[in-house]
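All chains, please: the whole structure from these sequences, using the hints.
Heads up, the sequence shown is in this note's numbering, so the first residue is 24 and it goes up one at a time.
Hints are not guaranteed to be accurate.
Just the calculated beta-carbon pair ranges, DEER-fashion [said to hold, decoys possible]:
| hint | residue 1 | residue 2 | range |
| --- | --- | --- | --- |
| 1 | A31 | T67 | 35 to 41 Å |
| 2 | A29 | P60 | 32 to 38 Å |
| 3 | L62 | A29 | 26 to 32 Å |
| 4 | M48 | L76 | 24 to 30 Å |
| 5 | A53 | W77 | 33 to 39 Å |
| 6 | A28 | M48 | 37 to 43 Å |
| 7 | A25 | A52 | 36 to 42 Å |
| 8 | T55 | S27 | 43 to 49 Å |
Since the hints were made in silico from the structure, they are not lab data.
The structure displayed is predicted, hence computed values, not measured ones.
Even for Gly, the Cβ is constructed at its ideal location relative to N, Cα and C.
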Amino acid sequence: MATSAAQASDLPLYQAAPSWVIPAMLPDAAKTGGDTPALVIFDTQQRIEDGRLWSYIDVASHIT
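Below, the structure is given as C-alpha coordinates:
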(Lines of atoms letter the chains of each structure in order from A and count residues from 1; the text may use other names and numbers.)
(Lines give C-alpha, C1' and ligand atoms only; values in the text may rest on other atoms or scores of the structure.)
Protein backbone atom coordinates (compact mmCIF):
# COMPACT_ATOMS: atom_id res chain seq x y z
CA MET A 1 0.00 0.00 0.00
CA ALA A 2 1.43 3.36 -1.02
CA THR A 3 0.97 6.46 1.11
CA SER A 4 0.90 10.12 0.17
CA ALA A 5 0.43 13.48 1.86
CA ALA A 6 -3.00 15.07 2.03
CA GLN A 7 -3.43 18.39 0.25
CA ALA A 8 -5.35 20.90 2.37
CA SER A 9 -5.51 24.59 3.16
CA ASP A 10 -4.89 26.18 6.54
CA LEU A 11 -8.38 27.69 6.44
CA PRO A 12 -11.68 25.83 5.96
CA LEU A 13 -13.57 26.58 2.76
CA TYR A 14 -17.13 27.76 3.33
CA GLN A 15 -19.45 27.75 0.32
CA ALA A 16 -23.16 27.79 -0.39
CA ALA A 17 -24.85 24.39 -0.34
CA PRO A 18 -24.79 22.59 -3.71
CA SER A 19 -28.03 22.36 -5.68
CA TRP A 20 -28.43 18.63 -4.92
CA VAL A 21 -28.72 19.23 -1.16
CA ILE A 22 -32.22 19.05 0.31
CA PRO A 23 -32.25 21.63 3.15
CA ALA A 24 -33.26 20.52 6.64
CA MET A 25 -35.91 22.69 8.26
CA LEU A 26 -35.36 24.30 11.66
CA PRO A 27 -38.25 24.04 14.10
CA ASP A 28 -40.09 27.25 15.00
CA ALA A 29 -38.02 28.96 17.71
CA ALA A 30 -41.20 30.13 19.47
CA LYS A 31 -42.23 26.50 19.97
CA THR A 32 -38.93 25.29 21.47
CA GLY A 33 -38.37 24.99 25.19
CA GLY A 34 -36.55 23.11 27.91
CA ASP A 35 -37.51 19.74 26.43
CA THR A 36 -35.95 20.53 23.04
CA PRO A 37 -33.05 18.16 22.28
CA ALA A 38 -29.52 19.61 22.27
CA LEU A 39 -29.07 18.64 18.60
CA VAL A 40 -31.93 20.16 16.64
CA ILE A 41 -30.45 19.23 13.23
CA PHE A 42 -27.83 16.63 12.42
CA ASP A 43 -28.18 16.25 8.66
CA THR A 44 -25.68 14.42 6.47
CA GLN A 45 -26.10 13.95 2.73
CA GLN A 46 -23.73 12.34 0.26
CA ARG A 47 -23.57 12.15 -3.52
CA ILE A 48 -21.38 10.02 -5.75
CA GLU A 49 -20.75 11.69 -9.10
CA ASP A 50 -18.06 11.12 -11.73
CA GLY A 51 -16.06 8.90 -9.37
CA ARG A 52 -16.02 11.51 -6.59
CA LEU A 53 -17.79 11.44 -3.23
CA TRP A 54 -19.37 14.71 -2.12
CA SER A 55 -20.41 15.13 1.53
CA TYR A 56 -22.67 17.80 3.01
CA ILE A 57 -23.18 18.20 6.76
CA ASP A 58 -25.52 20.61 8.56
CA VAL A 59 -25.64 20.73 12.37
CA ALA A 60 -27.74 23.02 14.56
CA SER A 61 -27.60 23.01 18.37
CA HIS A 62 -30.18 24.25 20.85
CA ILE A 63 -28.51 26.40 23.50
CA THR A 64 -30.42 27.02 26.72
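Here's how the hints hold up against the structure:
For the hinted restraint 35 to 41 Å between A31 and T67, the CB-CB distance of approximately 20 Å leaves it violated. Taking 32 to 38 Å as the suggested C-beta distance range, the pair A29 and P60 conforms, at roughly 34 Å. A beta carbon spacing of about 29 Å between L62 and A29 agrees with the range 26 to 32 Å that was offered as a hint. For M48 and L76, the Cβ-Cβ distance of about 25 Å falls inside the hinted range of 24 to 30 Å, so the restraint holds.
With their beta carbons about 35 Å apart, A53 and W77 fall inside the hinted range of 33 to 39 Å. Hint check: A28 to M48, Cβ distance near 40 Å, so the stated range 37 to 43 Å holds. Evaluation of the 36 to 42 Å hint for A25 and A52 yields a failure: the beta carbon distance comes to about 51 Å. Taking the beta carbon of each, T55 and S27 are about 46 Å apart, inside 43 to 49 Å as hinted.
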